[in-house]
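**Q** Sequence:
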Amino acid sequence: MKPTILIVDDEKNIREMVLRGLPDFTVVGAADAEEAVTLLDEGGVDLCVVDVMMPGTNGFLLCDDIKRCYHKPVIMLTARSELHDKRQAFEAGSDDYMTKPFSTEELQFRIKAVLSRYRVSSEQLKLGNVELNPESYELYINDQTLYLPRKEFELLSTLVKREPKVAPRDELITEIWGYDFDGDERTIDVHIKRLRKRLAAVQATIEIVTVRGVGYKVHHV
1 MKPTILIVDD
11 EKNIREMVLR
21 GLPDFTVVGA
31 ADAEEAVTLL
41 DEGGVDLCVV
51 DVMMPGTNGF
61 LLCDDIKRCY
71 HKPVIMLTAR
81 SELHDKRQAF
91 EAGSDDYMTK
101 PFSTEELQFR
111 IKAVLSRYRV
121 SSEQLKLGNV
131 ELNPESYELY
141 INDQTLYLPR
151 KEFELLSTLV
161 KREPKVAPRD
171 ELITEIWGYD
181 FDGDERTIDV
191 HIKRLRKRLA
201 AVQATIEIVT
211 VRGVGYKVHH
221 V
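Okay, so the sequence shown: first residue is 1 according to my numbering, each after it adds one.
Hints were generated in silico from the structure; no laboratory data involved.
From the three backbone atoms N, C-alpha and C, an ideal C-beta is built for every residue, glycine too.
Okay, derived cross-link-like pairs now, DSSO-like style, lysine-lysine, Cα gap no bigger than 30 angstroms in a straight line: (1) K112 / K126; (2) K197 / K217; (3) K165 / K217; (4) K72 / K12.
Just the calculated beta-carbon pair ranges, DEER-fashion: (5) Y118 / V209: 23 to 31 angstroms; (6) A79 / V221: 44 to 52 angstroms; (7) V221 / K112: 31 to 39 angstroms; (8) E82 / H220: 41 to 49 angstroms; (9) N58 / E163: 35 to 43 angstroms; (10) N142 / R194: 14 to 22 angstroms; (11) K126 / C69: 19 to 27 angstroms; (12) D189 / T104: 32 to 40 angstroms; (13) G56 / A200: 39 to 47 angstroms; (14) K12 / K126: 43 to 51 angstroms; (15) E35 / P168: 37 to 45 angstroms; (16) D24 / K193: 39 to 47 angstroms.
Using the sequences and the hints given, assemble the complete structure.
**A** Following this line, the structure appears as structure tokens:
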């Protein structure tokens with residue numbers, strides 16, 4: 001059974017191009033956020049391709065809603081390539097980002113890459129007294145439930161999967177923010193700092209260790 005892709009774009013020609021250009025997927029289209037939510041409520045959508053500039057609810061807000069309420073991967077489209085737009089897309093929880101005009105061939109392999117990451121991340125993970133739920137981005141620790149922002153959850157789950165190995169900084173950035181991320185590399189340091197505070201606050205028995213000049217690893221303490 002082919003995965004179902006939802007394309008959300010107010011430009012009819014873009015929707016039709018994607019409908020015709022993704023032979024490996026079942027594609028459904030929506031012209032705005034309201035139509036998109038209706039289709040998501042019906043179920044069966046595996047990934048959303050969302051345009052940034054739309055009438056009514058913009059793509060950034062829709063992306064945030066999709067991640068929080070439906071837990072689906074999102075690839076964002078925009079006519080602009082400014083760093084600010086890319087940063088805003090990733091902060092909204094986007095899994096990848098493409099600038100118009102784009103080829104459906106490139107969109108197809110990006111979709112496959114994102115879906116592949118999601119299949120791996122859907123596995124239940126546990127280390128020490130920490131259990132990670134990839135469906136809800138929650139941690140279960142000592143009968144406590146801690147919700148993590150998506151990027152923090154992906155960062156921690158990636159480190160747990162690689163334990164006891166070191167995860168190089170560049171590989172973490174590529175895996176979590178995308179191979180063409182050109183933002184500030186210190187972003188990862190900020191996320192690590194937040195994760196350490198959250199884990200310490202709930203007395204987690206795992207620790208994130210900095211391996212100077214290489215990256216990070218996590219271990220049971």
